[in-house]
Amino acid sequence: MVHRQIAFLAGIAFLVFGFISLEVFCVRQVTNGSQLLLQQNLMQRQENERMRAEIEGLKALRSHITAMFARLNDAVFNPRITEQTSGRPRLRPLNGFERPSAIQAFADAGVVVQPGRSTLGESSAIFEAGSSRLEFQRLIALLAEQENSNAFLYLDRLLLSRPAAIPPFSELPTYIDARFSIRILATR
Amino acid sequence: MLDTISIEAEQFEHLPVLGGTYRVPRDYRVVLQGLERSGQGDGSQAFSDALQKRFPTGSELIRSERLEQRSDGTVPFLLQYSVKPSGNYYGLGLKKIAEPDNL
Chain A
1 MVHRQIAFLA GIAFLVFGFI SLEVFCVRQV TNGSQLLLQQ NLMQRQENER
51 MRAEIEGLKA LRSHITAMFA RLNDAVFNPR ITEQTSGRPR LRPLNGFERP
101 SAIQAFADAG VVVQPGRSTL GESSAIFEAG SSRLEFQRLI ALLAEQENSN
151 AFLYLDRLLL SRPAAIPPFS ELPTYIDARF SIRILATR
Chain B
1001 MLDTISIEAE QFEHLPVLGG TYRVPRDYRV VLQGLERSGQ GDGSQAFSDA
1051 LQKRFPTGSE LIRSERLEQR SDGTVPFLLQ YSVKPSGNYY GLGLKKIAEP
1101 DNL
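Protein sequences appear in the order of chains A and B. For reference, each letter of the first sequence is one residue, going 1 to 188 in the numbering used here. For reference, each letter of the second sequence is one residue, going 1001 to 1103 in the numbering used here.
Keep in mind that the hints were calculated from the coordinates and are not lab data. Heads up, some of the hints might be wrong.
[To be verified] Pairwise CB distance ranges (calculated):
| hint | chain 1 | residue 1 | chain 2 | residue 2 | range |
| --- | --- | --- | --- | --- | --- |
| 1 | A | Lys59 | B | Gly1043 | 57 to 63 Å |
| 2 | B | Gly1043 | A | Thr187 | 47 to 53 Å |
| 3 | A | Asn78 | B | Arg1070 | 48 to 54 Å |
| 4 | B | Ser1038 | A | Ile65 | 55 to 61 Å |
| 5 | A | Pro163 | B | Glu1008 | 20 to 26 Å |
| 6 | A | Gly110 | B | Ala1046 | 31 to 37 Å |
| 7 | A | Ser170 | B | Ala1046 | 19 to 25 Å |
| 8 | B | Asp1072 | A | Gln137 | 25 to 31 Å |
| 9 | B | Arg1026 | A | Gln46 | 41 to 47 Å |
| 10 | B | Phe1012 | A | Gly110 | 29 to 35 Å |
[Unchecked claim] Short derived list, chain B residues pointing at chain A, Cβ under 8 Å:
| hint | residue |
| --- | --- |
| 11 | Asp1003 |
| 12 | Glu1008 |
| 13 | Val1017 |
| 14 | Gly1019 |
| 15 | Gly1020 |
| 16 | Tyr1022 |
| 17 | Gly1039 |
| 18 | Val1083 |
| 19 | Lys1084 |
Quick reminder that beta carbons are idealized off the backbone N, C-alpha and C, glycines included.
Using the sequences and the hints, build the whole thing.
Laid out in structure tokens, this is it:
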């Protein structure tokens, strides 16, 4: 009888010990899991901070980006303009006098500019230009100024030559004969 | 003294843009033809050396030629360069018009 009671108590004690061990194991597992989550949370927080700083930086650059976008967008030549005809917007091609501002600046400086033929499949407008009324230093400054005024403008070809009537080594002001081809990015 | 200056874009790269492509040059061929007075040293060589220092990195002299002296005592010369586009002319002594966007 006594042996049975001892065995029963021992069984109870074993069960209690088992439960306590299981509980300790579970608590330890949960603690480890929590620590892992805590570390992940900390890393995520740092990442969030980094992203927030990046967003703040982008926000600060917004006006700069907008201005740059506008500048690049303005540089793209649109050969058709939208006009209102009886209250409805309508696209029409430009006439010969409507041209990109850089090209107009060439014309205003005394350069004769004519539209050239674009290659099929290319989004570009080509202008053939010529001048015989500009001196070298004025012409080069004009070319550089207009090329820098438009991010997508460049010269395909340029030929500057001394007029045949001007003798070599002449120290008189000389108007240079200039022929050049200008390319500008255009919408199609 | 320079008689003619010729610049021609070469080796185009076709960049895809909305609605087609836009070709941009990877190289420029610059040809200078001029005259120098004989007996005044090698002026064209000095000019070529000075010019090459101002061209963008990667540019090179392709051809340098001095022809026969003419009856008026001048010597024609020809210089040909391959110049890499650098996006501006400031290296050639022109003033910068505006600061470029720098994001």
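(message) Under 8 Å is the threshold here; is the Cβ of Gly1019 (chain B) close enough to any Cβ of chain A for the hint to stand?
(response) holds, 4 Å
(message) So, as I understand it, the hint says Val1017 (chain B) touches chain A; can you test that by seeing if any CB pair is closer than 8 Å?
(response) It holds, given that the least Cβ distance between Val1017 (chain B) and chain A is near 5 Å, below 8 Å.
(request) Given the hint of 55 to 61 Å, check if Ser1038 (chain B) and Ile65 (chain A) actually sit that far apart at their C-beta atoms. (result) Given about 59 Å between the Cβ atoms, the range holds.
(message) If I claimed the Cβ atoms of Phe1012 (chain B) and Gly110 (chain A) lie 29 to 35 Å apart, would that claim hold in this structure?
(response) holds, 30 Å
(request) Identify whether the interface hint at Gly1020 (chain B) stands, where standing means a beta carbon of chain A within less than 8 Å of its own. (result) Holds. Min distance 4 Å.
(message) Does the closest beta carbon of chain A sit nearer than 8 Å to the beta carbon of Lys1084 (chain B)?
(response) This hint is violated: Lys1084 (chain B) lies away from chain A, its Cβ roughly 13 Å from the closest one there, beyond 8 Å.
(message) Given a cut of 8 Å on the nearest C-beta pair, is the interface hint for Glu1008 (chain B) held or broken against chain A?
(response) Holds, about 5 Å.
(request) With 57 to 63 Å as the target window, see if Lys59 (chain A) and Gly1043 (chain B) comply at their CB atoms. (result) holds, 58 Å
(message) Taking 19 to 25 Å as the stated bounds, is the beta-carbon spacing between Ser170 (chain A) and Ala1046 (chain B) within them?
(response) The hinted range 19 to 25 Å holds for Ser170 (chain A) and Ala1046 (chain B), with Cβ atoms some 22 Å apart.
(request) Take a look at whether the Cβ-Cβ distance between Arg1026 (chain B) and Gln46 (chain A) falls inside 41 to 47 Å. (result) The hint (41 to 47 Å, Cβ to Cβ) holds, given that Arg1026 (chain B) and Gln46 (chain A) are roughly 44 Å apart.
(message) Given Gly1039 (chain B) as an interface hint, is its Cβ closer than 8 Å to any Cβ of chain A?
(response) violated, 14 Å
(message) 25 to 31 Å was suggested as the range; check whether the CB atoms of Asp1072 (chain B) and Gln137 (chain A) agree with it.
(response) 27 Å Cβ-Cβ, so the 25 to 31 Å window holds.
In summary, the numbered hints that this structure violates are 17, 18 and 19.
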